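Visitor: Now for the letters of each chain:
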Amino acid sequence: MDRTAPERIRRRFVIGNLLERWLPKLVVSPLFAASLVFVYGFIAWTIYISFTKSGVLPDYTLVGLSQYLRLWSTPRWYVALQNLLVFSSLFIGGCMIVGMLLAILLDQRIRAEGAIRTIYLYPMALSFIVTGTAWKWILNPTLGIETFVRGLGYPDFSFDWLVDPHFAIYTVVIAGVWQSSGYVMALFLAGLRSVDDEIVRAAAIDGAGPVRTYATIILPIVRPVFLSAIIVLAHISIKSYDLVVALTGGGPGYATDLPATFMYAYAFQRSELGLAAASAVMMLMTVMAIIVPYLYSELRGRRR
Amino acid sequence: MTSLKAFAIASAVASVMLPVASLADGTVEVLHWWTSGGEAKAVGELKSAFEAQGGTWVDSPIAGGGGDAAMTALRARVVAGNPPSAVQLKGPGIQEWAQQGDLADINDVATSGKWDSVLPPVLATIMKYKGDYVAAPVNIHRVDWIWANPQLLAKVGVTAAPTTWDEFNAVADKLKAAGITPLANGSDPWQDLTLWDVIALGVGGPDFYKKAIIDLDPAQLTGDTMIKVFDQMRRMRGYVDAGYAGRSWDLATRMVMNGEAAMQIMGDWAKGEFAAAGKAPGKDFLCWPAPNQGGYILNSDSFAFFKVTGADKIKGQKVLAGLVMAPDFQRAFNLAKGSIPARTDVPLDGFDTCAQKSHEDLLAAISGDKLVPSLSQEMAISRSYRGEFLDVVTQFYNSDMSSADAVRQLAAAVARVKAQ
Amino acid sequence: MSRKGIVRRRGAGQAALRLLLYAVLVLFCLVYLLPLVIMVSTSLKSLGEIRTGSLISLPTQVSLDAWLKAWGTACVGVRCKGIAPYMWNSVLMVVPAVLISTLLGAVNGYALTKWRFRGADVIFALMLFGAFIPFQIVLLPMARTLGLFGLAGTTWGLVLVHTVYGLAFTTLFFRNFFVSVSDGIVQAAKIDGAGFFPIFFKLMLPMAVPTIVVTVIWQFTNIWNDFLFGSAFTVGDSNPVTVALNNIVATSTGVKEYNVDMAAAIIAGLPTLAVYVLAGNYFVRGLAAGAVKG
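Protein chains in written order, with the working numbering: chain A, 1 to 304; chain B, 305 to 724; chain C, 725 to 1018.
Calculated directly from the structure, the hints in this document are not laboratory data.
A hint or two may mislead.
Stated by the list, open to error - Computed, partial: chain C to chain B, Cβ under 8 Å:
(1) Leu792
(2) Trp795
(3) Cys799
(4) Arg840
(5) Asn970
As the list claims (entries may be wrong) - A few chain C residues that don't get close to chain A, going by computed Cβ distances all over 10 Å:
(6) Leu743
(7) Thr766
(8) Ser770
(9) Leu782
(10) Thr878
(11) Leu929
All figures in this text were calculated on a predicted structure; none of them were measured in a lab.
Ideal placement from N, C-alpha and C gives every residue a C-beta, glycine not left out.
Given only the sequences and the hints, what does the whole structure look like? Please build it.
Guide: See below:
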């Protein structure tokens, strides 16, 4: 961004107008203050609570690291962390692949594109409070797909992931991809539409096939889409709560627990606010590990 | 039918409460999770009875997760400084809030109503904090029931209830051999724990149940009896069908009703499902007490009273407390809800045979000191301990963990909570 | 908007390829529609059919009773007026929350990009972090704060909560858009003597219409679908529709009426569905205007 010339002009014309000069800051500062209180203040509160013996309600008696020690000796917490890793990698990967594929397919001068696109997008509109029961039925071996396919004449077909503690987390991934891949599709479609037609034509003249054109020319151009999509998906996967509650309730057993459901269970079902706060602090640290490098590269990139 | 009945109760209650009725108005805000179907109707009974005395009822229903969402909202309300005046709270949950100093005592109502002499002592203890009544029970649900399909059982020649778990296993094996799913169960962790609850009482007996679960005695927690309880739980896993995951308890009841499974072990709220489908006890379905060594697992719903300010609200609380425990209300409410009155002195004519059996067994269990509060229904121990039982049992049931490992994990988990 | 096709309409091979393309697209459509189809078909069945038949099948007899009941007479707690009054509650809460958070996000994004001052980037980064905070952890401190402001249990309290936590995303959207707008336009307006707000309202906001659409859709969906804040910060009759829906659906020990549950769920989801169906086109266009420039 070229700053020097406009900067000089701005200084010359605006310097006298004190109000105008301070107005942007005046507008931003209350909003910034709100975020300081409601985000950082509350995070600080949570960190403090994680060092206290809080149970049913907040209790400000400090107990040192004992909640963290208890957290890290709880088997369920390890399951939740492991699930977060499995879920978020498959969820992000799945959404990216499906979303990108659908976007490329839709980019081929499709008739009724608007209608089809809406169908891919609509799951975004609905929360799992609305669709949870239907999903449960679909994935249930005796009610859903398994029985249906067997009825079609394949008696050996088996799809019982929901029941299997080792596979249940994958059903959560399926429903998650169903909900969010449409958004990724829309992002990529938007990206593809902004690619200059000339570049594509030039590639065609050079004799590049469709696969090569996409892989080597178009997708590299829409590279920024990957980053924004991954960030949005990462944020969805860390916050995922409704999804698990509606689909498996964390089960079978606690095989599909995620840190967000773990935290909620301990804070509000078990009256273990201190332990829940400790797990929340762990979650926040994970979020920071993802978001800080992104912000750093984002903002540095803009300066250039 | 409802409005007629509601009117009948309202007038009945009003006549009972006549001495107070002249000054009774007041406001109550009631936070509860009985939001639909028969449960909502049951709360409706309470509301119309309350309003019949000139009071104002503010309804705050929040369903979800068997009361979890309501408990979350309750915390937010208390922290914000505007608690509801009455909250559907149960078991040790009442003690937790009382310890925070948030509950109001309703001793005057309890004393004039002679609650001590009409409530089962086990239940009365749960309603009190440091000797003061802070909550009022509306009903008693029995947890240790077997709901059975008589036609399916007749196919394998079974007509009488099993009285020990060995007998139960023999029946289930016969059913399985005949190609019938012996047991209908769903997958919610609390359903697993309900099963475990009933087994613990039946295998270990009431004394074991009290020592191991309520007193959390380490010797009992890791003893041989506990291993046996888990062994039986493991056997039960072999008696359910493959589709249990994601199934709610009502769908499991429906399996028994439709002849897809022979039995379900569940509290007597399951009766409501049968009743809604027009099925009659004794003919279309059977209610058998599960093998229980003469014990009785108690579940009770109650309303706890939070400290509120303003004469109007306090008056409303007192009126509601008296109303909840009025014999005619208890009768009408429990006819609607499918449970039995929390007061043991209410006659049960007009109730179905299952309810009468429940009442009879309850009195026997009280006199023999064999009544135990339910672990699975949050009546026995605090939510932190119960949560650990829930985790271990459901994890055990849904994996191939050995009973010895489960017992070890349970002991470690209990120790972890104690360390807090 | 440019449209290009890699698969060309030439020759038999290409025609077959095109057929395959449509087949894949339609297959995906079916998969995506499956949950909705099951919900609609269940809502049209009678309770008897659900109790005895397969849950995943089309109704043998179509009946609208469940819809009528869900809308007007289903009991939510002791109030048997269906889901209708709660829809209105949600509208009263969502409309101001969406408008306020979108407007503030727009001003914020504009101030941070077009009137760059020292620390603007740091402020933006700090604010953006708010988008990633798990809502469960702010529940109790937020409840306390609302109590202190005297907003506990009011619709305005809920509006405040949604505005505060929506701000991070709305600012992000508008910042990404305004960063791509040439600084020259703003400079020219400044030279003409236009101030901060005139430039914003007359020049920037009209340009940002696609981004406004994206932001409004995003905020509307998120706020409409929220359950956690709605259940914790509102009381009884002022509950938003998600809480009411949950009250109808999630009975703990009562008899389930799946057809009414499904009808109520679809009704609760209709406004957000309508937004996506009606404005979906603008959504993609809006994303093209902002997000991609990254």
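Visitor: Please check whether leucine 792 of chain C passes as an interface residue: C-beta within 8 Å of a C-beta belonging to chain B.
Guide: Constraint on leucine 792 of chain C not satisfied, violated at 17 Å.
Visitor: Does the claim that threonine 766 of chain C lies outside the interface with chain A hold up, using a Cβ gap greater than 10 Å?
Guide: 8 Å, violated
Visitor: Using Cβ atoms and 10 Å as the threshold, tell me whether leucine 929 of chain C really stays out of contact range of chain A.
Guide: With a cut-off of 10 Å, leucine 929 of chain C remains clear of chain A, as the shortest Cβ separation is near 14 Å.
Visitor: So, as I understand it, the hint says arginine 840 of chain C touches chain B; can you test that by seeing if any CB pair is closer than 8 Å?
Guide: Since the shortest Cβ distance to chain B is 40 Å, the answer is violated.
Visitor: Classify the hint on cysteine 799 of chain C as holds or violated, based on whether any CB of chain B lies nearer than 8 Å to its CB.
Guide: 4 Å, holds
Visitor: Would the least Cβ to Cβ distance between serine 770 of chain C and chain A come out above 10 Å?
Guide: 18 Å, holds
Visitor: Less than 8 Å between beta-carbons is the criterion; does asparagine 970 of chain C satisfy it with respect to chain B?
Guide: Holds. Min distance 5 Å.
Visitor: Verify this label for me: leucine 782 of chain C is non-interface relative to chain A, using a Cβ-Cβ cutoff of 10 Å.
Guide: 13 Å, holds
Visitor: Minimum Cβ distance from tryptophan 795 of chain C to chain B below 8 Å?
Guide: 15 Å, violated
Visitor: Confirm or reject: threonine 878 of chain C is not an interface residue toward chain A, with every Cβ-Cβ distance exceeding 10 Å.
Guide: For threonine 878 of chain C, whose nearest Cβ neighbour in chain A is about 17 Å away, the distance exceeds 10 Å, so it holds.
Visitor: Since leucine 743 of chain C was said not to touch the interface, does its Cβ keep a gap of more than 10 Å from each Cβ of chain A?
Guide: 12 Å, holds
This entry does not satisfy hints 1, 2, 4, 7, going by the numbered hints stated previously.
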